[in-house]
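Student: Now for the letters of each chain:
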Amino acid sequence: MRLSRRSALLLRGAVAVGLAFIYVPLIVIAIYAFNSSNVLEWPPPGLTLDWFPKAFESESVREALLTSVKAGVVATTIALILGTLASLAVARHRFFGRETISFLVILPIALPGIVTGVALSNTFTQVLGVELSLLTVIVGHATFCIVVVYNNVVARLRRVSGSFEEASADLGAHTWQTFRFVTVPSLKTALAAGALLAFALSFDEIIVTTFTIGAGEETLPIWIFSRLFRPNQLPIVNVVAVLVVLISIIPVYLAHRLTREEGGAAAARGGRAERAGRMEGGGVEVEATAVP
Amino acid sequence: MSRRLANLFHGRPHLQVGALLAGPIGWLVIGYLGSLLVLLIAAFWTVDPLSGEVIRGLSFENIETLVNEPVYRTIIGRTVLIAALVTVTDAVLAFPIAFYMAKVASRRGKAVLVVAVLLPLWSSYLVKVYSWRTMLGAGGVINWALAPLGLHGPGFGNTAVWLVMSYLWLPYMILPIYAGLERIPGSLISASEDLGASPFTTFRRVILPLAFPAVVAGSIFTFALTLGDYITPRLVSNNQFIGNVIFNNISNNLPFASALALVPIVVMVAYLLVARRLGAFEHI
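Here the protein sequences come in this chain order: A and B.
Under the numbering used here, think of the first position of the first sequence as 18, with each following residue one higher.
Under the numbering used here, think of the first position of the second sequence as 53, with each following residue one higher.
FYI, nobody ran anything at the bench for these hints, they're computed from the structure.
Treat the hints with care, since some could be wrong.
Unchecked claim - Ranges between beta-carbon positions, derived for each pair:
{"hint": "1", "chain 1": "B", "residue 1": "VAL119", "chain 2": "A", "residue 2": "LYS205", "range": "50 to 58 Å"}
{"hint": "2", "chain 1": "A", "residue 1": "LYS205", "chain 2": "B", "residue 2": "ARG55", "range": "18 to 26 Å"}
{"hint": "3", "chain 1": "B", "residue 1": "ALA249", "chain 2": "A", "residue 2": "ASN55", "range": "56 to 64 Å"}
{"hint": "4", "chain 1": "B", "residue 1": "THR117", "chain 2": "A", "residue 2": "GLU80", "range": "26 to 34 Å"}
{"hint": "5", "chain 1": "B", "residue 1": "LEU137", "chain 2": "A", "residue 2": "GLU74", "range": "19 to 27 Å"}
{"hint": "6", "chain 1": "A", "residue 1": "ARG22", "chain 2": "B", "residue 2": "LEU262", "range": "21 to 29 Å"}
{"hint": "7", "chain 1": "B", "residue 1": "LEU137", "chain 2": "A", "residue 2": "ARG274", "range": "32 to 40 Å"}
{"hint": "8", "chain 1": "A", "residue 1": "ALA37", "chain 2": "B", "residue 2": "LEU262", "range": "24 to 32 Å"}
{"hint": "9", "chain 1": "A", "residue 1": "THR117", "chain 2": "B", "residue 2": "GLY238", "range": "43 to 51 Å"}
{"hint": "10", "chain 1": "A", "residue 1": "THR94", "chain 2": "B", "residue 2": "ASN304", "range": "33 to 41 Å"}
{"hint": "11", "chain 1": "B", "residue 1": "LEU137", "chain 2": "A", "residue 2": "ARG22", "range": "40 to 48 Å"}
{"hint": "12", "chain 1": "A", "residue 1": "LYS205", "chain 2": "B", "residue 2": "ARG160", "range": "45 to 53 Å"}
Unchecked claim - To give a feel for the contact side, a few chain A residues facing chain B, derived at Cβ under 7 Å:
{"hint": "13", "residue": "ALA31"}
{"hint": "14", "residue": "LEU99"}
{"hint": "15", "residue": "ALA103"}
{"hint": "16", "residue": "LEU105"}
{"hint": "17", "residue": "LEU121"}
{"hint": "18", "residue": "VAL144"}
{"hint": "19", "residue": "SER150"}
{"hint": "20", "residue": "LEU152"}
{"hint": "21", "residue": "TRP193"}
{"hint": "22", "residue": "ILE241"}
{"hint": "23", "residue": "SER243"}
{"hint": "24", "residue": "SER265"}
{"hint": "25", "residue": "VAL269"}
What the hints assert, rightly or not - Okay, the calculated bits of chain A under chain B, using three or more residues with CB under 8 Å as the criterion:
{"hint": "26", "segment": "45-59"}
{"hint": "27", "segment": "199-207"}
Quick caveat: nothing in here was measured; it's all calculated off a predicted structure.
All residues carry an ideal CB built from backbone N, CA and C; glycine is no exception.
The following block holds chain A by itself, in its conformation from the complex (with noise of 0.2 Å):
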């Protein structure tokens, strides 16, 4: 579109306030994570490392981390398996229903975090009799991370024609050997990405998990919102909160570069489905989804 230099001008400002507006907030905590003094305040008077060995030597922080993590694998893992399975289905087969399968599927991510947490709670301690555990958050980021896989696998397999699977059986190769050969290995890097991403939505999470976890059990959200209120806590929160962020964006971003190299520019599609992992392929693409 042809601008006029002012308008252009103009544009680029908007741009450049809007991304400043992003970022700040996540650069004023990366800098007070090296604040020589133990109080919060604008600016800090000097910078240090001290804080860091700090915060690695406790032991509540070693145990959150370990709880992220395990939490964040075991729900990947099975929203890779239930993923994959579900988007072989709706890409693969016509049968009855298949237009709720990703209304279905997307659900828990596009009602508040706040519902799928009541939901959950309610019905693990008052309809199960469950005691909530890490194994209850685990089932809880579980449900919300399938979304992620579903949408990159389902993607790719649109791309990736179905006469490849048919040549494979057509040459003898019986269903199991398709999929082991033909299938998995055109999947690759869309379930690579789709598992970063759950790990990262999983590992960033605090309200399902706020009502999904057992009494005495932090995840690192956790540990860092119940010290938020205790001001001697800060400086080590601070280094905990850097250590989210990146633990939360390097898997975002290396999911971006392995489904980017596809179709060239940059993968993003619209909205919380976004979030919900279509990052999928090239250019932005939009397709109609049932989404509720």
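Chain A is fixed; fit chain B onto it per the hints.
Tutor: Chain B in isolation, oriented as in the chain A frame:
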């Protein structure tokens, strides 16, 4: 063994679909939809005031409390109002960024911007709210930056909640609008220009109407996310929002928390029905 299993599935598509879907459908329908159903039912339970035990009977007590107690009406009203304000703010902030990304930036610039918007969308929700808490505090960055101008920041309160939520959900608005603008063919814009329209007229008569459903699609997320958030109000204000009341009741009055959790669902269903009429669903 695997061979025999494979032979069983060969040429039986219904069996294949059944085997593929049993796990995911079992998990999502029985596990998740089942839980939502429990939530709906639990909203009609009550708690015995003496023993604190949950009484599983049909009672409209919780719903009546929600409708009749002015304090809950105020809280629901406040939450919906902030959700609407956040949505409008994000639409206004997101549009120029999305427009630049879709129609002005070079191919490389576009790729960089998409990553720049995408990374914070996916991560560090709690850290971002916490950072705003430090920034808005008395000795925070905002007061420091405004001091030379003789001003001071909004401090903690409803304004802070509005500001922080607008910040948190901005990428959710940018990306659908960007995707919507990408879909507008350049030829339509050229045609408008060739026919003598000024850039402003092109924007108002061609681009905006075509991008509007994408804005509505983005608003679904800004709206839904605001309705459910209780951490932001807790960290940057002393005010109660729907999420806070749900959170405060979860341990001693689960039925009432369940009834309250139905409010965001009802509001969102109404919102989605309107959004669908506006054609937003093709943009999610």
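Student: With reference to the structure, classify each hint as holding or not holding.
Tutor: Here's how the hints hold up against the structure:
1. Distance hint for VAL119 of chain B and LYS205 of chain A: a CB-CB separation of about 54 Å, consistent with the stated range 50 to 58 Å.
2. A beta carbon spacing of about 24 Å between LYS205 of chain A and ARG55 of chain B agrees with the range 18 to 26 Å that was offered as a hint.
3. Against the hinted window of 56 to 64 Å, the Cβ-Cβ separation of ALA249 of chain B and ASN55 of chain A comes to about 60 Å, which satisfies the hint.
4. Distance hint for THR117 of chain B and GLU80 of chain A: a CB-CB separation of about 40 Å, inconsistent with the stated range 26 to 34 Å.
5. Distance hint for LEU137 of chain B and GLU74 of chain A: a CB-CB separation of about 44 Å, inconsistent with the stated range 19 to 27 Å.
6. Restraint check, ARG22 of chain A to LEU262 of chain B: a C-beta distance of roughly 25 Å satisfies the suggested window 21 to 29 Å.
7. As the Cβ distance of LEU137 of chain B to ARG274 of chain A is approximately 37 Å, the hint placing it in 32 to 40 Å holds.
8. As the Cβ distance of ALA37 of chain A to LEU262 of chain B is approximately 29 Å, the hint placing it in 24 to 32 Å holds.
9. Evaluation of the 43 to 51 Å hint for THR117 of chain A and GLY238 of chain B yields a failure: the beta carbon distance comes to about 37 Å.
10. Checked against the hint of 33 to 41 Å, the pair THR94 of chain A and ASN304 of chain B passes, with Cβ atoms roughly 36 Å apart.
11. A beta carbon spacing of about 34 Å between LEU137 of chain B and ARG22 of chain A contradicts the range 40 to 48 Å that was offered as a hint.
12. Taking the beta carbon of each, LYS205 of chain A and ARG160 of chain B are about 27 Å apart, not inside 45 to 53 Å as hinted.
13. A cut of 7 Å between beta carbons decides the hint on ALA31 of chain A: the least distance to chain B is about 4 Å, and the hint holds.
14. The restraint placing LEU99 of chain A at the interface with chain B holds, with a minimum CB-CB distance near 4 Å, inside the 7 Å limit.
15. Because the smallest distance between the Cβ of ALA103 of chain A and any Cβ of chain B comes to about 4 Å, under 7 Å, the interface hint for this residue holds.
16. Interface restraint check for LEU105 of chain A: the shortest CB-CB distance to chain B comes to about 5 Å, inside 7 Å, so the restraint holds.
17. This hint holds: LEU121 of chain A has a C-beta 5 Å from the nearest C-beta of chain B, less than the 7 Å allowed.
18. A cut of 7 Å between beta carbons decides the hint on VAL144 of chain A: the least distance to chain B is about 6 Å, and the hint holds.
19. Hint on SER150 of chain A is violated. Least Cβ distance to chain B is approximately 16 Å, over the 7 Å limit.
20. A distance limit of 7 Å between C-beta atoms decides the matter here; for LEU152 of chain A the minimum to chain B is near 13 Å, and the interface restraint is violated.
21. A cut of 7 Å between beta carbons decides the hint on TRP193 of chain A: the least distance to chain B is about 4 Å, and the hint holds.
22. Because the closest C-beta pair between ILE241 of chain A and chain B is about 6 Å apart, less than 7 Å, the hint holds.
23. Hint status for SER243 of chain A relative to chain B: violated, with the closest Cβ pair at about 11 Å, above 7 Å.
24. A least Cβ separation of about 4 Å between SER265 of chain A and chain B falls short of the 7 Å threshold, and the interface hint therefore holds.
25. Checking VAL269 of chain A against chain B by beta carbon gives a least distance of about 4 Å; that is within 7 Å, so the hint holds.
26. Residues of the segment 45-59 of chain A lying with their CB closer than 8 Å to a CB of chain B number 7, which satisfies the three-residue condition for coverage.
27. A stretch counts as covered by a chain when three or more of its residues have a beta carbon under 8 Å from one of that chain; for the segment 199-207 of chain A and chain B the count is 0, and the coverage is violated.
The structure does not agree with the numbered hints 4, 5, 9, 11, 12, 19, 20, 23, 27 stated previously, though it agrees with the rest.
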